[in-house]
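Go by the hints and put chains B, C, D, E and F onto chain A.
Chains as they are written, first to last, in this note's numbering: chain A, 1 to 170; chain B, 171 to 340; chain C, 341 to 510; chain D, 511 to 680; chain E, 681 to 850; chain F, 851 to 1020.
Hint data in this document are derived by calculation from the structure and do not stem from the laboratory.
Hints should not be assumed to be uniformly reliable.
Keeping only pairs whose Cα atoms sit at most 27 Å apart, straight-line, the calculated DSSO-like set for lysine-lysine is [to be verified]:
1) F:Lys1011 / E:Lys834
2) A:Lys54 / B:Lys324
3) D:Lys560 / D:Lys609
4) D:Lys609 / D:Lys564
5) C:Lys345 / D:Lys609
6) F:Lys900 / F:Lys874
7) E:Lys730 / D:Lys564
8) C:Lys394 / C:Lys439
9) B:Lys175 / A:Lys54
Label-pair ranges, simulated between beta-carbon atoms [to be verified]:
10) D:Arg551 / B:Gly195: 58 to 68 Å
11) E:Gln703 / D:Ser604: 50 to 60 Å
12) C:Lys364 / B:Gln265: 49 to 59 Å
Note that the Cβ used here is the ideal one computed from N, Cα and C, for glycine as well.
Protein chains: 6
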Amino acid sequence: MREKKVFTHFNEGGEARMVDVSQKGATMREAIAHGSISMNRETFRMIVDKRIAKGDVLGVARVAGIMGAKRTADLIPMCHPLNITNVEINFFPSQGENKIEIEARVKIKGQTGVEMEAFLAVATAALTIYDMCKAVDRGMIISDIHLVEKKGGKSGTFRWKGERKDAHKG
Amino acid sequence: MREKKVFTHFNEGGEARMVDVSQKGATMREAIAHGSISMNRETFRMIVDKRIAKGDVLGVARVAGIMGAKRTADLIPMCHPLNITNVEINFFPSQGENKIEIEARVKIKGQTGVEMEAFLAVATAALTIYDMCKAVDRGMIISDIHLVEKKGGKSGTFRWKGERKDAHKG
Amino acid sequence: MREKKVFTHFNEGGEARMVDVSQKGATMREAIAHGSISMNRETFRMIVDKRIAKGDVLGVARVAGIMGAKRTADLIPMCHPLNITNVEINFFPSQGENKIEIEARVKIKGQTGVEMEAFLAVATAALTIYDMCKAVDRGMIISDIHLVEKKGGKSGTFRWKGERKDAHKG
Amino acid sequence: MREKKVFTHFNEGGEARMVDVSQKGATMREAIAHGSISMNRETFRMIVDKRIAKGDVLGVARVAGIMGAKRTADLIPMCHPLNITNVEINFFPSQGENKIEIEARVKIKGQTGVEMEAFLAVATAALTIYDMCKAVDRGMIISDIHLVEKKGGKSGTFRWKGERKDAHKG
Amino acid sequence: MREKKVFTHFNEGGEARMVDVSQKGATMREAIAHGSISMNRETFRMIVDKRIAKGDVLGVARVAGIMGAKRTADLIPMCHPLNITNVEINFFPSQGENKIEIEARVKIKGQTGVEMEAFLAVATAALTIYDMCKAVDRGMIISDIHLVEKKGGKSGTFRWKGERKDAHKG
Amino acid sequence: MREKKVFTHFNEGGEARMVDVSQKGATMREAIAHGSISMNRETFRMIVDKRIAKGDVLGVARVAGIMGAKRTADLIPMCHPLNITNVEINFFPSQGENKIEIEARVKIKGQTGVEMEAFLAVATAALTIYDMCKAVDRGMIISDIHLVEKKGGKSGTFRWKGERKDAHKG
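If we strip away everything but chain A, and leave its shape as in the complex, we get (with noise of 0.2 Å):
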């Protein structure tokens, strides 16, 4: 429907708010998103590959990504402050790309979605993994951040459709 497009966060005069979710009911939701930081192929081994260089990277991050995700409200103008009742962190090392893919689980029984608390996790555990290593390598990129599931509340189910690069030419 075109008319469903318009941008909710601000009114009709073209102002910044906060999006009003007091009537809503507080229902379970959940999102998922992704993220990826790839890196050199010395770097990748020292991250993943503990005899090599000592200190857990990744283990710094997760830390950083869950305390990330509370921080969300303070950092993103118009999110809600909300409640979050878990944070999970998954790390996947692609060994053949030098790339360590990231995943945030965020849940919680609210009125309003938790995305951008996920997406904060991602972004937080990544830049952690760029600044405890970029004393070795300074050329790391952060990609791929983007929102795999989202479940609950009145849009619905969201789910990440693989090829992604076609539909934004459309």
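Chains B, C, D, E and F only, in chain A's frame:
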């Protein structure tokens, strides 16, 4: 030099620490980071063409990005708290690709660099764009977050060298 | 009733405390606060007339005000942390007086009211206007910060009744 | 000089930015801000006369104001993070007017001024007084928040010159 | 039961996570924590006897402790953000021992307990006492920070049982 | 000297203030603080022996402690905001006593000392250990938080002198 390849954020025992910059002099430093967010054509036009949808998405994202740079030490565990002296964020809409390129520039006269501050500015701006537009497009992707340039400090100047993907395969 | 006149934020021993709202039910609550900032005619025109000086002062102040409302419990010692569900900020330029009137509206379904959140939105927006314009006018004055209306909760509805100054003399 | 009248917090394109103070030297700076809160006679007496109502309203407000000054860069989008070196807050009860005058003084040796820090101290202290007393008086008004004096830095000394309202009509 | 002894803040792979409380109902919960700070006799008398040294050390520490309880989720990585509904802090000067006993009581109607919030209140209050007095006594010791009581939630009631040291040897 | 015994955080009127360090030069400063957490033998072994229970409790606590040091000025009312240049946290498990000794070391080149930052690192690390283990042991005790050493600044060097308890009786 092989022996340079150590994670400075861990001590010899593999324990995380904030790197000691107590003895370093305060010098002029600057960092430029880049990122991009791609989206549906309609979303792109709603952001760029004010006649279609009212509301200054990029204006809100710019404010968020500047404020995000100031929260770097709160979010990234080993980052030193820093009194940054300048933040600027530029958006470059790329119409053919339905993509907004984001560039953040941070300066300081201080004892350590401001790469992470520039990254936080980019990431916060990109996530704010996502948040402002997610009601119309949940499939946006944030990508290509990387350091463009870094000046000042003992490690000298870093400049991003174009074709990155191959380097990472190496 | 005279015996109602006690400071609820102190116990009988005169010691500060966060008021106990544990047993209160979650009800719909709303608060509207007002403030104003007056300035030189030229500054006023620079803010209001975009042809004179570029830059959306009120747009930045609106974002700051919304974010400020979310920091209320961080700043006001005895305020409960709250998950506000809506913030809206309106600016009313008053040309004859070279003054911007500021109104903030905050909602929640919660155990306590959101007056302080509305005040923080107004104060942060007003101070941001000051900050954005101080290079051209250091003599701006912020005034008339008061509660306009409060609804919901046991203490019922409050509405501001015009001529205030006399009441204060009483 | 007419050509000085530009908003330094926007670039030529009208885009908000943190002003670049990288090249400025660190000098001694001081700012004094003022504000007031007026109230019912009974509320005023409860605050000022400890025999009537126990509880040190102004003591709590002073702590809040000092802490508020430290949060300036978190709240005001374009403010530089600063290491302020002194904050003092004084309250002057004005019995005839049932009003508390608030004065905050902030110092730094730094690259930019601390006016906004002084304002945050005043505003946070005033709002805390409101919060501590709102159970007995919801009609309090916060007014006359203005800069009293500013010293140091390239723009030199500013001193508030009494009768303000006429100036604003001009 | 031996098999109950698992760290709930780690998954089976040993990875840190915020415990999932999404499915838990909101119930009344309360936690009481204790701590103490011991000092020189003179420092003790300066705090307790207002005739000797002016300044309400415990008043400032109480405000700090209440505000500290609200920052729990910002500081303790796996703590859920919570809307606590009550914080009270009591100080018990113990003259014979030149010691201030600190007790904090926190309540909530929520999905998880508030032990950590009570601990943060105690620790922040104790450290504030240290900070306020350190110019006269750098040798103060903070000790005996422990949980006194916890009520509500599935794990039921916990009560501290006096002689602790032996239990720890066991 | 008797006349030195004044609380510098209060003025002559007994009003709290941030101590004025504007005129002090920036010198190298360092502070070391200590604390300990004692627990049941089983909990101790779960933390120390990774074969028994997976999960790096001390790794998470170290990250939290480093981040906690950076929040000192947010939590302790009269603390100056500081750009600390180094934080290191060491844990010393004491098997006979089922106790983890915690030591934090903080450095800065600045106008005032970093004792409170070292204390915040210790307290945050200790409370994080409690939080991570509380599902298996609610009776843990945090004790012996004291300053070990302080160097730099006008007040010179402080070193902790062993047997403390007697001193406190005096």
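Holds or violated: lysine 54 (chain A) with lysine 324 (chain B), Cα cutoff 27 Å?
-> holds (24 Å)
Is lysine 394 (chain C) within 27 Å of lysine 439 (chain C), Cα to Cα?
-> holds (19 Å)
Agreement of lysine 609 (chain D) and lysine 564 (chain D) with the hint, judged by alpha carbon distance not exceeding 27 Å = holds (19 Å)
Are glutamine 703 (chain E) and serine 604 (chain D) spaced within 50 to 60 Å by their CB atoms?
-> holds (56 Å)
Has the given pair, lysine 345 (chain C) with lysine 609 (chain D), been kept, meaning a C-alpha gap of at most 27 Å?
-> Holds. Lysine 345 (chain C) to lysine 609 (chain D) sits at ~18 Å (cutoff 27 Å).
Lysine 175 (chain B) and lysine 54 (chain A): Cα distance at most 27 Å?
-> holds (12 Å)
Does lysine 730 (chain E) pair with lysine 564 (chain D) here, judged by a C-alpha cut-off of 27 Å?
-> holds (17 Å)
Evaluate the given range 49 to 59 Å for the C-beta pair formed by lysine 364 (chain C) and glutamine 265 (chain B).
-> holds (54 Å)
Is the hinted pair lysine 900 (chain F) and lysine 874 (chain F) satisfied, with a Cα-Cα distance of at most 27 Å?
-> violated (48 Å)
For the pair supplied as a hint, lysine 560 (chain D) and lysine 609 (chain D), confirm whether the alpha-carbon distance does not exceed 27 Å.
-> holds (16 Å)
Within 27 Å, alpha carbon to alpha carbon, are lysine 1011 (chain F) and lysine 834 (chain E)?
-> violated (46 Å)
Range agreement (Cβ of glycine 195 (chain B) with Cβ of arginine 551 (chain D), hint 58 to 68 Å) | holds (60 Å)
Checked against the numbered hints above, the structure breaks hints 1, 6 and satisfies the rest.
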